[in-house]
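Could you build all of it, start to finish, from the sequences and the hints given here?
Those sequence lines, one after another, are chains A and B. For the first sequence, full-length UniProt numbering assigns the number 382 to the last residue and increments by one with no breaks. For the second sequence, full-length UniProt numbering assigns the number 647 to the last residue and increments by one with no breaks.
Everything labelled a hint here was simulated from the structure, so no lab data went into it. Heads up, the beta-carbon is just placed ideally off N, CA and C, and yes, glycines get one too. Don't take every hint at face value.
[Claimed, not checked] Interface residues of chain B toward chain A, partial, derived using beta-carbon atoms under 10 Å:
| # | residue |
| --- | --- |
| 1 | Pro93 |
| 2 | Met137 |
| 3 | Met139 |
| 4 | Glu143 |
| 5 | Glu230 |
| 6 | Glu233 |
| 7 | Gly237 |
| 8 | Leu250 |
| 9 | Gly253 |
| 10 | Ser256 |
| 11 | Glu264 |
| 12 | Lys314 |
| 13 | Asn322 |
| 14 | Gly512 |
| 15 | Asp513 |
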Amino acid sequence: MNANEYQGSFLGRISIRRNQVVVMDAIHEQELEDIELFQKHVSDRFSELSSPSDDDAVLSISWLCKLLDVFLCCEAEFEAILLMDRDPYQLSKPPFDRLIPELLDRAVKALDICNAVTNGVESVRHCQKLAEIAISALDQKPIGDGEVKRAKRALSTLMAAINLDDKDGTNAKSTERSWSFGRRSGNKDRVAGQFRSLSWQVAKNWSAAKQIQSTIYNLVAPRGAEASGLPSPIYTMNVIMIFVMWALVAAIPCQERTGLPTHFPVPKQLNWAHSLIGLQEKIADEWKKKEKKGMAGLLDEMQRMEKSAQSLIDFTDSFQFPGDAEKLQEAAGHVAELTEICRIMEQGLTPLQMHIREVFHRIVRSRTEFLDVLEKASLPVI
Amino acid sequence: MDECQSAIPTVDGELHVVAAAHHIVKALGTTKNLSDDLRKILINLDAHLSTMTSNIDSKGGKGFFGVEEQLKRVERKIMIWEAEQMMIWDSGPKDTSDYLEAVDEVQTLIDGLQSLSVYENRKRKELLRRASSLLQMAMSRLEDELIHMLAKHRQQFEPSKYVSCRSTRWNVVYNESFDSLEDEPAKETSSRNCTSNESSEYIVDLVPAHVIPDIKSIAKVMFTSDYGQEFCEAFIGERKEALEQYFAVLKMGKLSIGDVLQMEWTSLSSEMNKWTRSMKIMFRVYLASEKRLCDQILGEFGSCNLFCFLEISKATLLCLLNFGEAVAMGPHQPEKLLRLLDMYETLSDLVPDIDALFSEEAGSFVRTEFHGLLERLADSVKASFNTFRVSVSSNKSVYPFPGGGVHPLSKYVMNYIRMFPEYCNTLNLLLEDRHSDAANLVTELQCGRNASLSTSCPMACHLRSITSSLESNLHKKSKLYKDEALQHIFLMNNIHYMVQKVKDSELRHFFGDEWMRKHNAKFQQHEMNYERSTWSSVISLLKDDNPGSSSLSKSTFKERCKAFGIAFEEVYKTQTSWCIPNPQLREDLQISTSLKVVHAYRTFLGRNPAHDEKCVKHTVEDVEKSLLDLFEGSPRSLRNSPRRVKP
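Take a look at the structure:
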């Protein structure tokens, strides 16, 4: 729906309002049309997301940016349907007196997730820096022991950062540190000094998994008469918000993800939800596979980085000068892959962070707008 | 360089030339104050010459003998430390300079060997391999030394030294919410009298000055050897942790937005206070100092200093930012207003610092976010101000306030707005654009806006509008009293209280003389109305119906005396329980009442001297004395008290 169309229907509705009693039905019809269109757009957008091109695999940085764009578009449309030219009293009556506060409650939870994830992107960036060190060591020709050791040091730190238990990032660090002060015994496997943990932003006992769980809690699809009215886009928006936050948590390192739900119930018969459900199942499968292993998350680039880094660690472990030609070539391949990933990260992480922040601000703004409407509704008629 | 390489001497005699050149280079190398580039060139040259010498020396055959010897020597120097538990920089300047020299030497050897790559030679390759392995070892060691050094010299500070007392103002005031209109709040003691050094920065040594050259020497050698990335990562990791430690000292809890929104007012208020304080300390002290530290250490290596500074500060900044956002999106309770104003003013003061600290492109995110937060805090201030006004006019009572004293709402509002002049400039700025949508104020808002301390600035207009809301609310509340006289006492008390509060504070500049005159007249009017409604009927009992005759008949006198006694006792019983908290006001009213009543009574008794004293239940003195018991807020009765008639 473009801006003109919006304006058309908006102005149309204002003029309709003037003799509203007569044309209540017309408004209702218009509303149903808007809802249908909204859900069609949701469906289209998610089906586009679920058939990504090679450049942006599901849960890659660019895919996440697209996902966040989808969120922003859907949110704008949703807000227009619910708030534009709306009689505030309607939203203060059942079932909206329950549905809207619930939506706003989820919105607040989403904000904390945005913050946790923003912080998580920082740790991805740290991994990128470590990978770049390994690259600059292994890009040398010929590769000697010095380069190999240098790369290994960076890669071990990288792997430690990837495998860091996201439950107690800080604790892991402090023991790590005192250990490195213990000084240079068993130099070989010592994790390098640049080891940096994720210092969590959010409150100490805050858990991304629990946060997601609580947003899913009591999410029920509207039934009966509600299924065709305004409760239905509210439900849709809830599902989109939960899905987006859930995908971010699954993809990006985040405070305490153990027990992240892998399923939230969305009735399959809902047409707009097909692609979303498909994506959800796909990501959930992936999560189940990875959950027990490292906690870097499902971010496509991180997974590729982990793989290459692991192969390169194996390479450095078995390296003996001058090195087997075949292995050297293989390693060069991994280095090229790492270089490519780092390039993508260098270009993509800042925009991703900006996107997350934009979503954050949008949620804040939209919440304020809903609260304003509710406040108007609660004021006594004078 | 190429010339050097192509000119590998083949004649023995040339050996001398090389040797001479070598001497010159060495001599030049000892000169202090060489630029880095120049020093590097000399070092390279030195290496070339050594290699040449050894090449010539061995006639290109066994070759590299000298280089190998040199490598073995530095290898020993570097390897010694690998087995050593002690940190190099802990063991003295001699060791450190030896070590750095050794590392320099390795680097020089590597450069020399690399520059000879045209001559394929297995020995050269092997030596190069050994040298770069040695270099890696040394770099890894230096990285550890760096981390150790940074951690060891992490300075601790007492942050309170660095903030002015302004941030602690109103610490004790207004922690109660609007709903708990109870007692008068604690007396506000602090004020903004210490703002003089607000804008100066307090840059401190986050790392002692004497350590900086050591860190720089590590930076230099690591960057020269192309290990700059490792240096940055280690440096960032360590400084980030230090900054978080400083942040932790400020005791700002790490709170989720959900937490902040659910927080009860007292805790939130204290968190808001901590934020205000933390913001100042973080930006003015820690971040400003951190920036300097980054510049000092990394200034010479491209834009590393900017990158590192941003990485170090990001997490802490986000923490501060998100608390601000959480507060700004919270409900607009009126009690939040002052704290919000503190937050707004703090941030608005800091915005230039933030812009300066993060002036580069990479820092644009930080700048945008804080500018955005400032706007949202401004919106929140405006919304809270509005809620405050609405609460003032809509505060409802079901029961009359006992005794007709000063209503808690008056106390709350007057004590609250007494603090607004502190925020005059900010409020004027933020409230100005409210003119348009506060339609009912428009008539009053024909404001000139040149002087801030004037009765016509936006804040003054809003203040008067708030007190007039308060007045009309008080009028509503006064109607809850059945007794008309008590209505007047209540209004008199409350308006008098308002006038006093205005007179005794900065508010007087904003309310102006005219307001004062008008309101003085108002409470005096209520005073008079009280006297009329209570006493005119009582005094009328004592009035002489026929001014012509000299005295009343005995029966009439008796009757009047009795009626007066009953009426007076009734008034006494009721009005001793009423309350005029201000002693001056109470005394004034007692005196003026006394003047009228006692005078009338004395005249009455004086005109009828002949009658039986038994009729006179209360003497003039009794009446005069009893009047002093009125408005003390403790009900008494004259009937039960022993008769005060003279024997």
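Holds or violated: glycine 253/B as interface residue toward chain A, Cβ cutoff 10 Å? holds (7 Å)
Proposed interface contact between glutamate 264/B and chain A, which counts if any beta carbon pair is under 10 Å: Result: violated, 16 Å to nearest chain A Cβ.
Asparagine 322/B as chain A interface residue, shortest Cβ-Cβ below 10 Å: Holds. Min distance 6 Å.
Do the numbers back the hint for glycine 512/B, that is, is its least Cβ distance to chain A under 10 Å? violated (31 Å)
Tell me if aspartate 513/B is really an interface residue toward chain A, meaning its C-beta lies closer than 10 Å to one of theirs. violated (35 Å)
Classify the hint on glutamate 143/B as holds or violated, based on whether any CB of chain A lies nearer than 10 Å to its CB. holds (5 Å)
Supplied contact hint for glutamate 230/B, tested at 10 Å Cβ to chain A: holds (6 Å)
Given serine 256/B as an interface hint, is its Cβ closer than 10 Å to any Cβ of chain A? holds (5 Å)
Can methionine 139/B be said to touch chain A, with a Cβ gap under 10 Å? Holds, about 7 Å.
With a cut-off of 10 Å, does the beta carbon of methionine 137/B approach a beta carbon of chain A closely enough for the hint to hold? Holds. Min distance 7 Å.
Satisfaction of the glutamate 233/B interface hint, Cβ to chain A closer than 10 Å: holds (4 Å)
Under 10 Å is the threshold here; is the Cβ of proline 93/B close enough to any Cβ of chain A for the hint to stand? Violated, because the Cβ-Cβ distance from proline 93/B to chain A comes to roughly 21 Å (cut-off 10 Å).
Violated hints, in rising order: 1, 8, 11, 14 and 15; the structure is consistent with all others.
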